[in-house]
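Peer 1: Residue strings, one per chain:
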Amino acid sequence: MIRKTIIKELKEIFRDGRFQFSALLVLLLITVAVAIGINQYKNTNEQYKASQSTERNIWDNQGEKNPHSAAHFGNYVFKPKNALALLDQGVDKYEGVSIFLEAHSRNEAQYSAAGDQTGLSRFGELTPEFILLFVMPLLIIIIGYNSFTKEKEGGTDVLLKSQGISNLKLTIAKLIAVYIPVFIICGILFLVAGIILSFLKDYGAFNWARLFSLYVVYLLYYLVFTQIVLLISAITKRSGISLVSALSFWIISCFIAPKTASNIAELNYPYPTKQTFLSQLNQAKKGGLNGHNPWSKESKALEAKLLKEHNVSHVSELPFNFSGYIMQKGEEHEAEVYFKEYSKLKQQFSNQANTYKALAFISPFLPARFLSMGIAGTDYESHMAFAEAAEAYRIKTQKFLNDNNMNNSKYGERGYRADADFWKTLPNFTYTPVGLSTVINHQKTNMFLLIFWVILSAILLFTSTKKI
Amino acid sequence: MLSYNFTYELKLLIRNKWLPILGLLLVITFAFAAFNGNSRTQKRIKEITNIETKTELSDANMLKLLDSVEKGLEVKTSFRNIPNTPMAIGYQHPRAVTMTPNGMSAIAIGQSDIFTDVIMPITVDDDFGIDFTEMTSSIQLLFGSFDLTFVIIYLLPLLIIAFSYNILSAEKERGALRLLASQPVSIYKWIFQKMLLRFFWLSQIVIVALVISFLINNIDLAQIQFIWLLGLILVYILFWFSLSFLINLLGSSSAKNAVFLIGLWVFFVLLIPSSINQIAHSIYPIPSRNKMVNTMRTLKVDVSKKQDKVLDHYLRDHPELASKEEDKGNYTFWHKYMASLDLVAQEINPLFSLYDEQLEAQQSWVKKWTWLSPSLVINKEMNRISGNSTADYQNFKNQALAFSKHWRNHLIFMLYNKQPFTTKDYRTLPKFTYKPLKLNGIGKHIVIELILCVLIGLLAVFLFKKRLQKGIAILNN
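So the sequence lines, in the order shown, correspond to chains V and A. First residue of the first sequence: 1, per our numbering; consecutive thereafter. First residue of the second sequence: 1001, per our numbering; consecutive thereafter.
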């Protein structure tokens, strides 16, 4: 009986003009979005590779130079694009793509795509995630809003009951029937994306396990929507009311909840403005060692300690160059200041993240959104991981340069220059994106919240359809 | 008939508990949205005041120090911090270049969460090194804000749809249409009156909600921009009512009407904007920023290699700055540095302005096509009123960069003239005042949208009459 009901429902769905039109539209939009995405992905990836090697070339060929001049000249690192950004760009567009690493300062990533776009881009872009997160639930509503109401309106509910089908079986059959089209469309999209990504050259961190996890997240998300839409259809009497109610749920989950959450998060845990952040940093830096100021109180104390340790009376008698040493110590102090200030920022972000989780009870969109970009490697945590890897590399580079100064130049020597070949011995910057298991571990709460939604909506649906 | 309809509608609405619920809902959403916009504005104003107070304080200290130095008193600070050279001023005492939000800033967050309103350019900065971005959680940028623009552009149409999708179809489904048909009134006139009345009541509620939300959040109502805002909102409401009128006349069942109207909402609010956006990116792609970084770096290397020649070239281009015969060759690090900065800027500026040009090209393309969706038109105009649109930030950026250049040149001139910096020079230091963009043409947009509404209405009547002529019985389908 379940099978027959499913077949009947599916036939009806596929015959329906509204479904045909919207499914076609969705497929068309997805095709356009994926085509644009692939093109963009290829371009950015090529550009990333070219920039990285050009930058390294510039660094290697600086010629003879004082290591600290080289430290100020600095180097750039570029953020690679994650393969699954093709399906979900997450916050990529709002984060910078390159970081300038120099002496004394930790810089923010620069040049976000959003900074180079018109205000219209805030309306959203035609990307696969826009379709996956916003449009597909709408498709579910169009397929399922009248699933129960049409029986009531047409009087077929009585006929159905006379056939001896139990309400439970009927609900299961309807659930499966409404779910199948979305399951298939989504499946095709992920399969095509997977095939394209594995055929692209140098596809970086792409693997099928990640893609599959992403697919599962979306399937769960759609299951929640299907169950809610059927629930609404079961408890309302008229199709019109059912449709309007389901749409209200969609609007609240996908538009109102995230925006409200973002405002509440900002209200309770505000980010500092850039100027405030910078002045806090400068204030904190002032209180400590500065490699360029050997006359300060802190430098003098360090000097005294060092003289005592080595049992000499003047810094010129030290076995290494004091200026290089103090430069490195200053660098270490500054790095610590940056670490502290950025830790505060990170704490603020994690407070904000908790606000989003707390508000997930009004919207299944929120956990799905975070899971999706987490798995795709395009969330804020992934960006932070990159920024932290860059900072670690910056600290290493500074030590590499200061050590050269310390060990090869003499105290008071002006115009010391390191060999032209020296720069080539600096190790390359490497960054490995966060692995899938770490991501899943990190996203445990969101995973739990999404599953909670699945269970909650299932319980509500099956209890409410006991009596139709 | 209008008066009958009026009393009937009013009774219906009140008994339905529609009006109070809708009213309350709107007041809450409007007030929350205005609150969010206003907190952002207040945060920005606080930041600007902070920076200005800090600058004033630091200036007062600087003047004290300068005064002591000029009087020949001993000062307890390292020689680098003594502000008696133009470069010390340029490096350590930057001016606050700020863009104060206007009185209507609370209605749209716009781009104010992406871009900063405060920069402090120092003379050693490259112009392209000045960072105009604000520090906002990227999740917040991704989700956007719940501001009045969002409520009006996204949510208000949905309320209108929920409020009007079944005017005719509900009568039909309830069977009341047959009774109505016995009355001497044409159906479209009857629906038109009903629509008009609902438009009237909804507008009243929206106006009241807007006024309350402004009052609660202490936003000034007595400004001409408020009238413009009202005009935009009302014409936008009318647009959705006219679409609903069309669908009501042509549609059949309530559910089908709702599907059609939601389809139109998705089309105007989601699909058109994202498509225009996507096409703009494809036609005018922004060149790779990574590539720009590469070019900039290569240039800097080149310039540093010919550092010695740089100053000669620079002085050849700026003979007014060259010192007299007798001090020739008496140039310091600063002279060379500023000259090389100028050289890099000259070389890289064309590349740099390419980004602005592409962005402007995108913007004018987008502008050309915004008329496709009234949602975009109203959004654009609301952003303009708030002074937080992309164009406003672009305007601030241009003015700030011009000021930065002016500031640098002012001090460089003193540097090359070997002028020390004195208390007197403080008074002649350049000051920055932000000049907002002019706000014109809003009335024109309102009129255009109004005409569009009338056209939709006429089209609806025309198509409806045609259907009647074809003999499609409204009562039966």
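If you're looking for bench data, these hints aren't it; they were derived computationally from the structure. Source: prediction; values computed, not measured. It cannot be assumed that every hint is accurate.
As the list claims (entries may be wrong) - Quick list of simulated restraints, FRET-style, between CB atoms:
#1 L1354/A / D421/V: 49 to 57 Å
#2 Q1092/A / V32/V: 48 to 56 Å
#3 W208/V / Q1092/A: 41 to 49 Å
#4 V1075/A / H292/V: 16 to 24 Å
#5 M1/V / I1207/A: 52 to 60 Å
#6 N268/V / L1468/A: 27 to 35 Å
#7 L1354/A / D403/V: 52 to 60 Å
#8 K1368/A / D16/V: 19 to 27 Å
#9 T430/V / L1073/A: 41 to 49 Å
#10 R1015/A / Q163/V: 38 to 46 Å
#11 K8/V / R1015/A: 51 to 59 Å
#12 W208/V / L1463/A: 50 to 58 Å
To be verified - Computed cross-link-like contacts, EDC-like style, restricted to lysine to aspartate or glutamate with a CA-CA straight-line distance of at most 20 Å:
#13 K1300/A / E388/V
#14 K152/V / E1171/A
#15 K1300/A / E298/V
#16 K1397/A / E1173/A
#17 K1368/A / D116/V
#18 K274/V / D1126/A
#19 K150/V / E1171/A
#20 K150/V / E1173/A
#21 K1172/A / E64/V
#22 K410/V / E303/V
#23 K274/V / E1357/A
#24 K1305/A / E151/V
#25 K274/V / E1171/A
#26 K274/V / E391/V
#27 K1256/A / D421/V
#28 K1256/A / E391/V
#29 K152/V / E298/V
#30 K237/V / E1171/A
#31 K1306/A / E64/V
#32 K1189/A / E1171/A
#33 K11/V / E151/V
#34 K1397/A / D116/V
#35 K237/V / E1357/A
#36 K1305/A / E336/V
#37 K1291/A / D421/V
#38 K93/V / E1171/A
#39 K93/V / E303/V
#40 K152/V / E1047/A
Quick reminder that beta carbons are idealized off the backbone N, C-alpha and C, glycines included.
Peer 1: Compare the structure with each hint and give your call.
Peer 2: Now for the hints, and whether the structure bears them out:
For the hinted restraint 49 to 57 Å between L1354/A and D421/V, the CB-CB distance of approximately 36 Å leaves it violated. A beta carbon spacing of about 53 Å between Q1092/A and V32/V agrees with the range 48 to 56 Å that was offered as a hint. In this structure the hint that W208/V and Q1092/A lie 41 to 49 Å apart at CB is violated, the actual value being about 57 Å. The hint said 16 to 24 Å for the Cβ distance between V1075/A and H292/V, and at roughly 21 Å that hint holds.
Checked against the hint of 52 to 60 Å, the C-beta distance between M1/V and I1207/A comes to roughly 56 Å, which is consistent with it. Roughly 59 Å separates the CB atoms of N268/V and L1468/A, a value that falls outside the hinted 27 to 35 Å. The hinted range of 52 to 60 Å is not satisfied by L1354/A and D403/V, whose Cβ atoms lie roughly 41 Å apart. Against the hinted window of 19 to 27 Å, the Cβ-Cβ separation of K1368/A and D16/V comes to about 37 Å, which falls outside the hint.
Evaluation of the 41 to 49 Å hint for T430/V and L1073/A yields a failure: the beta carbon distance comes to about 57 Å. Between R1015/A and Q163/V the beta carbon distance is about 41 Å. The supplied range of 38 to 46 Å therefore holds. In this structure, K8/V and R1015/A break the distance hint of 51 to 59 Å, their C-beta atoms being roughly 41 Å apart. Between W208/V and L1463/A the Cβ separation comes to about 52 Å, which falls inside the hinted range of 50 to 58 Å.
At most 20 Å may separate the alpha-carbon atoms for a hinted pair to count; K1300/A and E388/V exceed this at roughly 27 Å. The hinted pair formed by K152/V and E1171/A meets the criterion: a straight-line CA distance of about 19 Å does not exceed 20 Å. Annotation: proposed proximity of K1300/A to E298/V is violated, straight-line Cα distance about 34 Å (limit 20 Å). Distance hint between K1397/A and E1173/A is unfulfilled; the C-alpha atoms sit about 59 Å from each other, more than 20 Å.
Simply put, K1368/A and D116/V have alpha-carbon atoms about 19 Å apart, close enough for the 20 Å limit, and the pair holds. Of the supplied pair hints, the one linking K274/V and D1126/A holds, its CA atoms being roughly 19 Å apart against a limit of 20 Å. At roughly 19 Å between alpha-carbon atoms, K150/V and E1171/A fall within 20 Å of each other, so this suggested pair holds. Under the criterion of a C-alpha separation no larger than 20 Å, the hint pairing K150/V with E1173/A is consistent with the structure, at around 14 Å.
A C-alpha spacing of about 88 Å is found between K1172/A and E64/V, which places the hinted pair above 20 Å, so the restraint is violated. With a C-alpha separation of about 16 Å, the suggested pair K410/V and E303/V falls inside the 20 Å cut-off, and the hint holds. Restraint check: the Cα-Cα separation between K274/V and E1357/A comes to about 26 Å, which exceeds 20 Å; the hinted pair is violated. As the CA atoms of K1305/A and E151/V are separated by approximately 82 Å, the hinted pair breaks the 20 Å bound.
The suggested pairing of K274/V with E1171/A is violated, with an alpha-carbon distance near 58 Å, which exceeds 20 Å. Of the supplied pair hints, the one linking K274/V and E391/V holds, its CA atoms being roughly 19 Å apart against a limit of 20 Å. Restraint check for K1256/A and D421/V: not satisfied, since their Cα atoms lie roughly 75 Å apart, outside the 20 Å limit. With a C-alpha separation of about 57 Å, the suggested pairing of K1256/A with E391/V is violated against the 20 Å cut-off.
Pair hint K152/V plus E298/V does not hold up; C-alpha atoms about 82 Å apart against a cutoff of 20 Å. The suggested pairing of K237/V with E1171/A holds, with an alpha-carbon distance near 16 Å, which does not exceed 20 Å. Straight-line distance between C-alpha atoms of K1306/A and E64/V comes to about 14 Å, which keeps the hinted pair within the 20 Å bound. Our distance criterion of 20 Å between C-alpha atoms is met by K1189/A and E1171/A, whose separation comes to about 15 Å.
Of the pairs offered as hints, the one joining K11/V and E151/V holds, with about 15 Å between alpha carbons and a cut-off of 20 Å not exceeded. In summary, the hint linking K1397/A to D116/V is supported, as the alpha carbons are separated by about 13 Å, within the 20 Å threshold. Distance hint between K237/V and E1357/A is unfulfilled; the C-alpha atoms sit about 57 Å from each other, more than 20 Å. The hinted pair formed by K1305/A and E336/V fails the criterion: a straight-line CA distance of about 34 Å is larger than 20 Å.
Simply put, K1291/A and D421/V have alpha-carbon atoms about 25 Å apart, too far for the 20 Å limit, and the pair is violated. For the suggested pair K93/V and E1171/A, the alpha carbons sit about 49 Å apart, so the restraint of at most 20 Å is broken. At roughly 47 Å between alpha-carbon atoms, K93/V and E303/V are farther apart than 20 Å, so this suggested pair is violated. For the hint pairing K152/V with E1047/A, the CA-to-CA distance comes to about 60 Å; that exceeds 20 Å, so the pair is violated.
Hints 1, 3, 6, 7, 8, 9, 11, 13, 15, 16, 21, 23, 24, 25, 27, 28, 29, 35, 36, 37, 38, 39, 40 from the list above are not met by this structure, while the remaining hints are.
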